[in-house]
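Colleague: So the chains spell out like this:
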Amino acid sequence: MVDNKQQWKAWLYLAPACILLLVFTVWPIFNTLRMAFLNGYGNMAAIGGATFEFGIENFVKVIEYKEFLQCLQNTAILCVATVPISTILALLIAVALNSIKPLQKTLQTIFFLPYVTNSIAIGMVFAAMFNIVGLKQGSAMADTWGIINNVIQFFGGEPVNWLNAGSTYVSNMVVMVIYIVWNALPFKILILLGGLQSINKQYYDAAKVDGTPKARVLTKITIPLLSPMLAYVVITGFIGGFKEYSSIIGIFGDKMGPADDAGRLNTMVGFVYDALERDRQGRASAAALILFAIILAVTLFNNNVIKKHVHY
Amino acid sequence: MKVVLQNLTKIFPSRDKKAGKEVVAVNDFNFEIPDGQLVGLLGPSGCGKSTTLYMISGLQKPTSGKIFFGDDDVTELSTENRGIGLVFQNYALYPHMTVMQNILFPLQNLKGKDKLTKEEMLDRAYEAARLVQIDELMDRKPSELSGGQQQRVAIARALVKMPRVLLLDEPLSNLDARLRLQTREEIRRIQKETGITTVFVTHDQEEAMSISDVIVVMKLGVVQQIGKPQSVYDDPQNLFVAKFLGTPPINVLEGKVEGGKVYIGSEAVLEIEGVEDQEVYIGVRPEGLEPCADGKLTCSLNNLEVMGRDASVVASHENAISPVIRAIISSDIKIDPSAQSVKFNVKPHKFFIFNKETEQRIYFEVK
Ligand SMILES: Nc1ncnc2c1ncn2[C@@H]1O[C@H](COP(=O)(O)OP(=O)(O)OP(=O)(O)O)[C@@H](O)[C@H]1O
Ligand SMILES: [Mg+2]
Numbered sequence: 003m004v005d006n007k008q009q010w011k012a013w014l015y016l017a018p019a020c021i022l023l024l025v026f027t028v029w030p031i032f033n034t035l036r037m038a039f040l041n042g043y044g045n046m047a048a049i050g051g052a053t054f055e056f057g058i059e060n061f062v063k064v065i066e067y068k069e070f071l072q073c074l075q076n077t078a079i080l081c082v083a084t085v086p087i088s089t090i091l092a093l094l095i096a097v098a099l100n101s102i103k104p105l106q107k108t109l110q111t112i113f114f115l116p117y118v119t120n121s122i123a124i125g126m127v128f129a130a131m132f133n134i135v136g137l138k139q140g141s142a143m144a145d146t147w148g149i150i151n152n153v154i155q156f157f158g159g160e161p162v163n164w165l166n167a168g169s170t171y172v173s174n175m176v177v178m179v180i181y182i183v184w185n186a187l188p189f190k191i192l193i194l195l196g197g198l199q200s201i202n203k204q205y206y207d208a209a210k211v212d213g214t215p216k217a218r219v220l221t222k223i224t225i226p227l228l229s230p231m232l233a234y235v236v237i238t239g240f241i242g243g244f245k246e247y248s249s250i251i252g253i254f255g256d257k258m259g260p261a262d263d264a265g266r267l268n269t270m271v272g273f274v275y276d277a278l279e280r281d282r283q284g285r286a287s288a289a290a291l292i293l294f295a296i297i298l299a300v301t302l303f304n305n306n307v308i309k310k311h312v313h314y
Numbered sequence: 002m003k004v005v006l007q008n009l010t011k012i013f014p015s016r017d018k019k020a021g022k023e024v025v026a027v028n029d030f031n032f033e034i035p036d037g038q039l040v041g042l043l044g045p046s047g048c049g050k051s052t053t054l055y056m057i058s059g060l061q062k063p064t065s066g067k068i069f070f071g072d073d074d075v076t077e078l079s080t081e082n083r084g085i086g087l088v089f090q091n092y093a094l095y096p097h098m099t100v101m102q103n104i105l106f107p108l109q110n111l112k113g114k115d116k117l118t119k120e121e122m123l124d125r126a127y128e129a130a131r132l133v134q135i136d137e138l139m140d141r142k143p144s145e146l147s148g149g150q151q152q153r154v155a156i157a158r159a160l161v162k163m164p165r166v167l168l169l170d171e172p173l174s175n176l177d178a179r180l181r182l183q184t185r186e187e188i189r190r191i192q193k194e195t196g197i198t199t200v201f202v203t204h205d206q207e208e209a210m211s212i213s214d215v216i217v218v219m220k221l222g223v224v225q226q227i228g229k230p231q232s233v234y235d236d237p238q239n240l241f242v243a244k245f246l247g248t249p250p251i252n253v254l255e256g257k258v259e260g261g262k263v264y265i266g267s268e269a270v271l272e273i274e275g276v277e278d279q280e281v282y283i284g285v286r287p288e289g290l291e292p293c294a295d296g297k298l299t300c301s302l303n304n305l306e307v308m309g310r311d312a313s314v315v316a317s318h319e320n321a322i323s324p325v326i327r328a329i330i331s332s333d334i335k336i337d338p339s340a341q342s343v344k345f346n347v348k349p350h351k352f353f354i355f356n357k358e359t360e361q362r363i364y365f366e367v368k
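Residue numbers (the working numbering), protein chains in the order written: chain G, 3 to 314; chain F, 2 to 368.
Just so you know, the hints here were simulated from the structure itself, not pulled from any lab data. All values derive from a computational prediction rather than experimental measurement. Idealized CB from N, CA, C, for every residue including glycine. A few of these clues could be false.
In silico DSSO-like links for lysine-lysine, alpha-carbon gap of 30 Å or less [as the list claims (entries may be wrong)]:
hint	chain 1	residue 1	chain 2	residue 2
1	G	103	F	22
2	F	116	G	216
3	G	210	F	114
4	F	62	G	222
5	F	114	G	222
6	G	245	G	68
7	F	244	F	262
8	F	62	G	210
9	G	216	G	310
10	F	62	G	216
11	F	3	F	116
12	F	142	G	203
13	G	310	F	119
14	F	67	G	103
15	G	222	G	203
16	G	216	F	114
17	G	310	F	142
18	F	67	G	210
19	F	116	G	222
20	G	222	F	142
21	G	103	F	62
22	G	203	F	22
23	F	193	G	210
24	F	112	G	216
One-sided excerpt, in silico: chain G residues whose CB lies under 8 Å from chain F [claimed, not checked]:
hint	residue
25	210
26	223
27	227
Let the sequences and hints guide you as you build the complete structure.
Modeller: Laid out in structure tokens, this is it:
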């Protein structure tokens, strides 16, 4: 039995953490809910003495916005495209890394470098690689192309306008997908490599004794035994994907799109920031709650799928 | 299918190049395993039993020497083409597959002319499962089985493709004592029923003695003795083999041969012929010591343990190398437990002498 004095002490020790949590987590969540359900809420207006009615107008507004649908679409495309690609690539790289002896440590380090590098910096490098530098005299066409286009030209292809003014939505998305996959790889490789190294080598010896072809070893032994790691990587991948924002900034800057079509690549989180910038806290909160609901739904769905296919 | 090992040697290179100390895991192993027999590979930990087994399986390549299955040289043949079944020390059942899927797995890998239809595979899987009596457990996952059941699944998986040679690496080490007894009988039965040449690794001499047709005793990568369990026990070629086999272990004492007599301390315990005078180690099996009022070996009596049919006399002697001198006698023989000392006579065929340097057996004739 803990006496009262002891309890008082315990609360004292817990207080700093509790207060921080209350101020920076619990209160903001509560406040988000409150603002989302006050029609047309804005902080400046609130300070100016305006009052707001309780209602769901913010949600209706958000959903009616053409921009919002664009953001939702961008986010969804990025998620659906990048999570499977990066997971499969990470799996293949991890399996390859795990099966080589010499240089394994060195290659592991190289593959992990992007993880410890600032993603905005990587974004700028990617932007430069895909960029068009300089304009041909008297023509709108580019003169010097970025390294990607140089490579395409070297192999006899036509250069592509990836992300400058006049570029297409599809080519923008291709750049984004490549960049996000590149960024997501190190963490996934690390997790999967760890998983692979913890698989008992005797399973592979047993498979060898039975003359199991390589592909069958991968699909029937490695992947099932790795499935908890794969599940983790996919779920966190989707959650991260829905919160995508900084990678767009990294490539396109805060215009969130090519020069002639700003905002074309905006995402859900970007939409929330935009609303905040315009003192529309009510609308921002509503959008944040919608994003939360989507992430929750997708994660629950993932969990259900995983229960059927993951072997612990 | 007989299996022939010819000058089989495995050297593991040292890990750090500086030290340059390589490990000779198996050293010049020569042996012909007769067709259809159960061979027990026996030795203390690290003596190269698993390495030998893995070389026969093809999972490890020998540094030198050859392996034949029948008359075929399989030394360069890859594992999957050798037609072996291997049961790993911890079974290595695929945890995400049911028992059925585990047993089917090797069959599904067959290709070309060996390819089976679905029905044939199921038939074969059930046949193997019935043989090891797990046909009721086919839908379970390995984690839902007891250790003994897992072990039988592992044997079924190894047997299902009808291997030419079955290899078992300490298959009983994860089982409790009772299950171990039961399972080793089962391995014996399965081996007799299938007639597959089987190599069985263990560090438990009792296990090896009880089920093997032939045992191979190894030490530090070198084969010490090969033979029928009883004849190796009765006729050990060196001190190591004598000490390794038998429970309770053999009594070892220091002594000498002088003028046709074997002395322990100042007592002459046996008169022999054909051995030069020298210092020796003496080994006497516990059942080779008979208490006797006019016995020639005097030991101080520690205590008497009566275990039903048998009794065990625990004594000590200043020349003993083993911590105690133990004699197993019929409990009918009465010994006064409060006596200070006990006198023994030795049975000559349970009494061995070994060269002090080489520890090799010195053969003698009883006068
Ligand atoms: N891959 C390896 N690299 C280096 N040395 C090894 C390797 N595998 C085994 N050894 C060494 O070879 C020797 C024999 O090993 P082995 O596994 O055959 O022993 P064992 O008789 O099966 O022992 P246990 O009863 O403990 O399983 C040991 O000294 C061991 O340290
Ligand atoms: Mg071993």
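Colleague: State for each hint whether it applies.
Modeller: Structure-based check of all given hints:
1. G:103 <-> F:22: At roughly 21 Å apart (the allowed maximum being 30 Å), residue 22 of chain F and residue 103 of chain G satisfy the hint.
2. F:116 <-> G:216: 18 Å, holds
3. G:210 <-> F:114: Distance of about 20 Å is within 30 Å: holds.
4. F:62 <-> G:222: 27 Å, holds
5. F:114 <-> G:222: Cα-Cα ~23 Å, so holds.
6. G:245 <-> G:68: Holds. Residue 245 of chain G to residue 68 of chain G sits at ~20 Å (cutoff 30 Å).
7. F:244 <-> F:262: 23 Å, holds
8. F:62 <-> G:210: 14 Å, holds
9. G:216 <-> G:310: Status holds; Cα separation ~25 Å.
10. F:62 <-> G:216: 20 Å, holds
11. F:3 <-> F:116: Given that 30 Å is the threshold and the Cα spacing comes to 26 Å, the pair holds.
12. F:142 <-> G:203: The hint holds at about 20 Å.
13. G:310 <-> F:119: OK: residue 310 of chain G and residue 119 of chain F at ~25 Å, within 30 Å.
14. F:67 <-> G:103: 28 Å, holds
15. G:222 <-> G:203: Status holds; Cα separation ~15 Å.
16. G:216 <-> F:114: 20 Å, holds
17. G:310 <-> F:142: Given that 30 Å is the threshold and the Cα spacing comes to 15 Å, the pair holds.
18. F:67 <-> G:210: 21 Å, holds
19. F:116 <-> G:222: Distance of about 19 Å is within 30 Å: holds.
20. G:222 <-> F:142: 15 Å, holds
21. G:103 <-> F:62: Judged against 30 Å, a Cα distance of about 18 Å means the pair holds.
22. G:203 <-> F:22: Within the cut-off at roughly 26 Å; holds.
23. F:193 <-> G:210: This hinted pair holds, its Cα atoms lying about 27 Å apart.
24. F:112 <-> G:216: 14 Å, holds
25. 210: Since chain F brings a Cβ to about 5 Å from residue 210 of chain G, closer than 8 Å, the hint holds.
26. 223: 6 Å, holds
27. 227: 7 Å, holds
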